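Enquirer: Residues per chain, in single letters:
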Amino acid sequence: MSTLNFQYQAFGFNLASDILLPELSEKLLIANEQNSISVVSGNYGNWPSIKASPHSTQCLQLAANEWRLALESIGWFRAVAGESLEYQRWDDSVSNRDLRTFLVTSGLGALAIQRACLVLHGTALERNGEAVLLLGRPATGKSTLSWCLQQHGWQLVSSEIVVVDKNMKIWPGIQQLKLWHDAAVALDLDWQHLPSVRRGLKRYALLGDQLNCLESAAPLRCIYQLMRERQQSKSEADVLAASIKSAQAFSQQHALLVLRNNAFHARVVRGMECEQQLFMQASALARSVPFYSLRVPDGIRAMKNACAMVDLLDPASIQEPNIEEVNKGESDA
Amino acid sequence: MLEQNHGYWYLASYPKSGNTWCRVFITELLRLAGEGYAEELNLNNDIETGAIASSRLWLDDQLGLNSCDLSFSELDPLRGSAGQTAWLFAEGERFHKVHDAFKSPDSRNRPVVSTAGCLGAVYIMRHPEDVAVSLSHFFSWPLERCVQFLLDPTAALVPSERVGGHQVRQHMGRWDQHVCSWVDQRQLPVLIIRYEDMLCNGSTTFAKLADFLCLPVEQVLVDQAIANTSIDKLKQLEEKVGGFAEKPEGCNRFFRSGRSGEGAEQLSIPQRQQLAAEMADVIKRFGYERVEGDV
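In order, the protein sequence lines correspond to chains H and W.
Residue 153 in my numbering is what sits at position 153 of the first sequence, and the numbering runs on without skipping anything.
Residue 6 in my numbering is what sits at position 6 of the second sequence, and the numbering runs on without skipping anything.
Bear in mind the hints are in silico, worked out from the structure with no lab data behind them.
From a predicted model like this one, the values you see are computed outputs, not experimental measurements.
You may find that some hints are simply not true.
Straight-line C-alpha distance at most 30 Å; calculated BS3-like pairs for lysine-lysine [claimed, not checked]:
no., chain 1, residue 1, chain 2, residue 2
1, H, Lys166, H, Lys27
2, W, Lys103, H, Lys245
3, H, Lys202, W, Lys103
Full structure from sequences and hints, please.
Expert: As structure tokens, this is what we get:
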């Protein structure tokens, strides 16, 4: 039997783990605490057979309250009924860092869905007691922008996966930013002394002690869908002077569509029969919180410069004028 | 898990060999046959024949993880297990573009694309000299760099481990290795079509393509689809949408000339000789020797 030596909090849950998870916020050890999620090593050979959902793939086995991930050369992972997260390493060459990478993202995300949470693929930051949520496709620059915003007083609430509760609050979750080598260099970080996300990857992990992280839930002020904007101008000065802009708020219908598309692994939601739950939660969020697109410069240095001049808590201050209204105003004049 | 009648195909090619033309043709043929919706083809909205096999978003959904957290040597062996259930969410989008070679040095001798449930692959091939010229315009590279790229056994798209991106690394290897990886594999039925035949003998070539892909084969529809997707028409359509979405930064227009024989005009004699000498077997096998005896 594993010893659950480590205790954490994430997404409002308590976790008791037999493996160190520095990506999560530590919690004081309380013996035999009830209702904790256990994160423990297991033996996948003993896991009972399941009737897999047709949404399952070779890597992912899904059923109601059951999520299993099999990663060749890394290990096997299982989340059950929102109560436990089990893992087995492929062989002794697999490090704890390898396991953690998938436990705290895919595993914890699946577990939160099983606990009836709205789980989105994004990054949340807080300032002055309010949070903003950045959504976007993989590699759109959510982590890079988050690091830049940290230099201007923002605190990280959660990265990669974000849980929004029914009161529209965001809970501290994964407190780690992962930056690609090009971003680390462009941001003048001492990348040679940063740990890799995993051995051999040119992608670095910035953990809680290198970040400003929020320790309590924060109300969600607004949501941005992040888009990188290619600069038409070739002038270096113009490129560096590019700004961050938002557009008019999305309609609720469009916001709902974007939220559904940014659900943390739509396939997992469907495979665990939680699609109705997602629809209800995303609808409520689309009704309650304004949603904008956010166009950020493609260049990392330009993005860093632009962060000094925007207040994401005040979307109106960074909105581009509505072209139709400008044209109308001009013709009226 | 996957029934045959919900199967899918690959449209495989080395880049700049006519893959997009095939996808536009398929879209237009389906539209003419009444299976599409748009009144006129919109290049940026309607060419949704299926996700590219290297789409990170698609792979992340299939694998249930963030593929940025995997090295090339971990991801490539897994990629073959993605795709089997794509039809569940993308019915109708069954023609997946792929630029990867069938296997990569990291894929442990497995295909980097799923073969389960796949009904076949169309391999679209173009003379390597013309590919070099087209690559040069597309990537804004000098011709010499493009020639060396075609001869590079490690050539890949999105090759860097230092940056993320919407697509994962796609190993291609040398042009002749890429060709052989697809046409000589035995796991999928394959239809080989040459870009030059699409140009010069379009009616027959596209009819074969339609037949292989179980698309409408009425010759009148095929011919009309060819006419509606001629290079001049595609240039007009690109202008209409203010630039094709798949055009990279720095590239003036995606649909440029479409001609065959530009390589012979623009490459130097030593460059042409190098391509011909180093890839002689495949060039001969697919009838790409220049007949003028000028190399």
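Enquirer: Against the earlier hints, flag every one the structure doesn't satisfy and list their numbers going up.
Expert: 2
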